[in-house]
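Undergrad: Got two chains here, each in a separate frame; can you build the complex from them with the hints?
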Amino acid sequence: AQSVTQPDIHITVSEGASLELRCNYSYGATPYLFWYVQSPGQGLQLLLKYFSGDTLVQGIKGFEAEFKRSQSSFNLRKPSVHWSDAAEYFCAARANQAGTALTFGKGTTLSVSS
Amino acid sequence: ETGVTQSPTHLIKTRGQQVTLRCSSQSGHNTVSWYQQALGQGPQFIFQYYREEENGRGNFPPRFSGLQFPNYSSELNVNALELDDSALYLCASSFGDGANVLTFGAGSRLTVL
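Line by line, the protein sequences are chains G and D. Just so you know, the working numbering puts the end of the first sequence at 114, numbered straight through with nothing missing. Just so you know, the working numbering puts the end of the second sequence at 1113, numbered straight through with nothing missing.
Same shape as in the complex, but just chain D (with noise of 0.2 Å):
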């Protein structure tokens, strides 16, 4: 069984910018959802994907968005980036939308200059 992969691992854009940030959820798992953990914090909940469709959504600006594909993978997309979008993007797949046990990956290092 594979787990969580994220890809890019390290990334770095410019202010202004946009990226993507994408996730293949650990097999069997229908659910995904995604964190944001700035240095010396906690992850922080951006929005979650279930069957396709956005279910939850963290106190987050709408320039964040993001898509559940058929196969389950996803994607994060942040628009017109910021200094303090600069941050660990974590992605965690579940099956079920109550689940209570994720799988996490390893993530996605995202720095804004």
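This is chain G alone, in the form it adopts within the complex (with noise of 0.2 Å):
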């Protein structure tokens, strides 16, 4: 079965510091995935997709995500942690078909220290 895995529910950084949110999907062939962040009492944002190409993608508001294939992976990563990225994250992909859905990770909950 189709699935994305989000090994960590929560993690707190120091603001400043460096953040890595990882995921790991298992599908049939490489599927398109995604990024999302939720805030409380928004809906998902998109940060960054990753189709086909270029395995380094860059995102908004900073971040960026590395996809390898051989560890079915598409760890999300931020240099420098503002408090503002205080939120929810959603690792997502779906497969390479029309009218397929979006399966969603658990989530991460990060958590910026000052």
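For the record, the hints were derived by calculation from the structure and aren't laboratory data. Glycine is no exception: its CB is placed at the ideal position from the N, C-alpha and C atoms. Mixed in with the good hints there might be a few duds.
[Stated by the list, open to error] In silico DMTMM-like links for lysine to aspartate or glutamate, alpha-carbon gap of 20 Å or less: (1) G:Lys106 / D:Glu1054; (2) G:Lys106 / D:Asp1085; (3) G:Lys61 / G:Glu15.
[Said to hold, decoys possible] Label-pair ranges, simulated between beta-carbon atoms: (4) G:Glu64 / D:Ala1080: 27 to 33 Å; (5) G:Ser39 / D:Asn1100: 19 to 25 Å; (6) D:Asn1100 / G:Glu15: 29 to 35 Å; (7) D:Gly1016 / G:Ser72: 17 to 23 Å; (8) G:Glu20 / D:Thr1005: 30 to 36 Å; (9) G:Ala29 / D:Asn1077: 31 to 37 Å; (10) G:Asn96 / D:Thr1005: 27 to 33 Å; (11) G:Glu66 / D:Phe1069: 20 to 26 Å; (12) D:Ala1080 / G:Glu15: 44 to 50 Å; (13) D:Thr1005 / G:Ala17: 35 to 41 Å; (14) G:Gly16 / D:Asn1059: 25 to 31 Å.
TA: Put into structure tokens, the structure is as follows:
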């Protein structure tokens, strides 16, 4: 079955420190991959996406993610975290065919300490 | 360009009742998807509507049903509410059947007592 796993439920990072959120996927073929962020009372906002090509993807708000086929991973990174980055982060995947839906991981809650 | 709007934002129902949630798509979008997000979980796909037809469904029972209207707005209906239906219901719109980028609304928070 297709699945997305986010191993870390909750991560706390000091403001200004670097961040890496992990994501692993299990699909028959390489899916399309996404990272979304959800702040309290807000919908999901797309941070970045990977379809093909360059395995290092740049997104909004200074985030980037690296696709590693050999590890079936798509980890999200940010060099320097700001307090406003505290939120819930979701990795998602979708098979490369029309009519298929997003499969989400369970999310990682990011807390930022001062 | 307006985004995806959902109503109501919060509502409380009792077990066995029926509920209708509404979603207005982003301008120019013709596809609507609905997701259920239980507390502490990632969103789960309920179904998708493209050009007023359901063209994809997740693992949800038939008491979850929907509609898409000619203006591409949509409704999610849930009959015979159960306690486990308590969740945030997210609507997302996109352009085209195979669209890869979804625009999500802020959601409707349903509490079933």
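Undergrad: Against this structure, judge whether each hint is valid.
TA: Comparing the hints with the structure gives:
Taking the CA atoms of lysine 106 of chain G and glutamate 1054 of chain D, the gap is near 26 Å; set against the 20 Å cutoff, the hint is violated. Annotation: proposed proximity of lysine 106 of chain G to aspartate 1085 of chain D holds, straight-line Cα distance about 18 Å (limit 20 Å). With a C-alpha separation of about 15 Å, the suggested pair lysine 61 of chain G and glutamate 15 of chain G falls inside the 20 Å cut-off, and the hint holds. With their beta carbons about 46 Å apart, glutamate 64 of chain G and alanine 1080 of chain D fall outside the hinted range of 27 to 33 Å.
Against the hinted window of 19 to 25 Å, the Cβ-Cβ separation of serine 39 of chain G and asparagine 1100 of chain D comes to about 23 Å, which satisfies the hint. The hinted window of 29 to 35 Å between asparagine 1100 of chain D and glutamate 15 of chain G holds, with their beta carbons roughly 33 Å apart. Remark: the range hint 17 to 23 Å for glycine 1016 of chain D to serine 72 of chain G is contradicted by a beta-carbon distance near 43 Å. Our hint of 30 to 36 Å for glutamate 20 of chain G and threonine 1005 of chain D holds, since their Cβ atoms are close to 34 Å apart.
For the pair alanine 29 of chain G and asparagine 1077 of chain D, the beta carbons lie near 35 Å from each other, so the given range of 31 to 37 Å is met. Checked against the given bound of 27 to 33 Å, the beta carbons of asparagine 96 of chain G and threonine 1005 of chain D, roughly 30 Å apart, stay inside it. Between glutamate 66 of chain G and phenylalanine 1069 of chain D the Cβ separation comes to about 42 Å, which falls outside the hinted range of 20 to 26 Å. At roughly 48 Å, the beta carbons of alanine 1080 of chain D and glutamate 15 of chain G sit within the given window of 44 to 50 Å.
With their beta carbons about 37 Å apart, threonine 1005 of chain D and alanine 17 of chain G fall inside the hinted range of 35 to 41 Å. A beta carbon spacing of about 43 Å between glycine 16 of chain G and asparagine 1059 of chain D contradicts the range 25 to 31 Å that was offered as a hint.
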